[in-house]
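Sequences listed follow chains A and B, in order.
Going by the working numbering, the first residue of the first sequence is number 1, and it counts up by one from there.
Going by the working numbering, the first residue of the second sequence is number 1001, and it counts up by one from there.
Because the hints were derived from the structure by calculation, they are not lab data.
Hints may contain errors.
[Stated by the list, open to error] DSS-like, lysine-lysine: derived pairs with alpha carbons at most 30 angstroms apart:
(1) B/K1208 - A/K5
(2) B/K1138 - A/K85
(3) B/K1070 - A/K38
(4) A/K300 - A/K276
(5) B/K1151 - B/K1138
(6) B/K1205 - A/K85
(7) A/K321 - A/K300
(8) A/K43 - B/K1096
(9) A/K25 - A/K154
(10) A/K54 - B/K1070
(11) A/K25 - B/K1096
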Amino acid sequence: MEPFKFIRANDPRGAISSMAGSGAKIIAGGTNLVDLMKLNIEKPTQLIDINGLKMQTIETLPNGTVRIGALVKNSDLAYHPSIMKNFPVLSEALLSGASAQLRNMATVGGNLLQRTRCPYFYDTAAPCNKRVPGSGCSAIDGYNRNNAVLGTSKYCIATHPSDMCVAMAALGAVIHVQGPAGSREIPFGDFHLMPAQTPQYETTLKHGELITSVDIPPMPYATRSHYLKVRDRASYEFALASAAVILNINGGRIKDARVALGGVGTKPWRATLAEKVLTGAVNSEQTYRTAAEAALSEAKPYKHNAFKIELAKRTLVHALKTVGGMS
Amino acid sequence: MDKNPHPPIEDDSSSSSSGTSRRGFLTQVAVAGAGLTLTPLLTGAKEILPGAPPGPAQTSTVTLTVNGQKHTLNMDERTSLLDALRENLAMPGTKKGCDHGQCGACTVLVNGRRINSCLTFAVMHQGDEITTIEGLAKGDELHPMQAAFLKHDAFQCGYCTPGQICSAVGLINEGHARTDADIHELMSGNICRCGAYQNIVAAIKEVKNV
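Sequences are here, hints too, so could you generate the full structure?
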């Protein structure tokens, strides 16, 4: 690991001004960043510890929005009574990720920024456009069983690894950031970028901006929601495919639907094509199957991951059946 | 892509290997090695070796509270909490397994909560209460979890055991385990290559049900 200058920030403004240098990185939980620093994939010259900042609270605003501080630990969010009751999809997604120890360390803000687990991103001897822009993508013609089928480009097919983000995509979360030029809000769908020709850029967060909180807007029908994750082992593993599903069913018809997929996309994948099929349709297994076909209609398989397309469809149908009362 | 604030590195129409690719650079190194030319080597080197050379190691003074005792240490800021415990404080009870947060051997309690000590820097823990396996017993009286691990033969080689026990104590503190399946799930961050899992679960159940 290369040396860095360690700075303890006392307030958001201090953290933001410390980020002015090009090699500065924020550290919160550290679960992803420290690992990448040990592997010389991340080489910050300045490390700004923000754990002393007051961003650890979960509060419900008068309009029903739940505001989650960026430093809230994954486990604290997952077990928060109002999250468990009102947004089970978010609680389930968080608890399906990592291990208990890591969830006690990892923060909400850090989870939004976690990097892919594509093996070629980790292998510093292999070309990777995300790690060394312009060096090429080793996964496209390499071993790509765990790579993405949605949102890929000829420059990168790495999946976004987060479970939490899949639930937040379905919930239409809003990310609050503070930077040298002031504060702004970023709708969840506009936060993560698809790789296109610049896979090294993963979010629309600008250099020097600090994530301060995430809002979950009120959605009374989200009490009826579910996160289903399918993976190679029962626990402590990244998704091969996952589905976050929220349904508002009234009189046998689906009034509103929110669907997002994980493990298959280059970003947390809001499946708007599936939502279109579901919204207004009869609540039936046939509807679910049509929605799953729509969700994966733009999927592009690579040599080893074609199975993910069918797996994602079945995962989504299964999750819809659970929420829709058909299972 | 209009929302991307970052400029693209090249046109989408061009090949993914425009500019000096790694392979191209290696070819140039080979060519330079043969004594034909040196200039392309230097140009290429700039492109694949970005950034300044690493600076000197930075040190910091940090006070760690471990098992109720304060220790003031001057250490390289890159020192993980795990290495600070084992190397700087000579407390080798906490084990180093994978050193990447995958095996759980390094689990300690920080302010009563279990974490992987390999994935955090010691300088980040000024003021925290750190409890390691060495701090669980009260003198000669074993912590109930240690006693339960002995009673149920919940280990074979013992290397993962300090992490398993600290993790199990954290699990009890958290209070979310109701069923055997919950224990399996909430202990999944601790790998036991000897496969003592059934006995580990039995030990945890005994302490949980007291």
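Comparing the hints with the structure gives:
1. In summary, the hint linking B/K1208 to A/K5 is not supported, as the alpha carbons are separated by about 44 angstroms, beyond the 30 angstroms threshold.
2. A threshold of 30 angstroms between alpha carbons decides the hint, and for B/K1138 with A/K85 the separation of about 40 angstroms lies outside it, so the pair is violated.
3. Taking the CA atoms of B/K1070 and A/K38, the gap is about 28 angstroms. The hint holds against a cut of 30 angstroms.
4. This hinted pair checks out: A/K300 and A/K276 have alpha carbons roughly 21 angstroms apart, not beyond 30 angstroms.
5. The straight-line distance between the Cα atoms of B/K1151 and B/K1138 is roughly 18 angstroms, inside the 30 angstroms bound, and the hint therefore holds.
6. A distance of roughly 28 angstroms separates the Cα atoms of B/K1205 and A/K85; the hinted pair therefore holds under the 30 angstroms criterion.
7. Of the pairs offered as hints, the one joining A/K321 and A/K300 holds, with about 26 angstroms between alpha carbons and a cut-off of 30 angstroms not exceeded.
8. Simply put, A/K43 and B/K1096 have alpha-carbon atoms about 23 angstroms apart, close enough for the 30 angstroms limit, and the pair holds.
9. Taken as a hint, the A/K25 and A/K154 pair is honoured in the structure, with Cα atoms around 29 angstroms apart against an allowance of 30 angstroms.
10. For the hint pairing A/K54 with B/K1070, the CA-to-CA distance comes to about 26 angstroms; that is within 30 angstroms, so the pair holds.
11. This hinted pair checks out: A/K25 and B/K1096 have alpha carbons roughly 26 angstroms apart, not beyond 30 angstroms.
Hint check: violations occur at hints 1 and 2; the rest are consistent with the structure.
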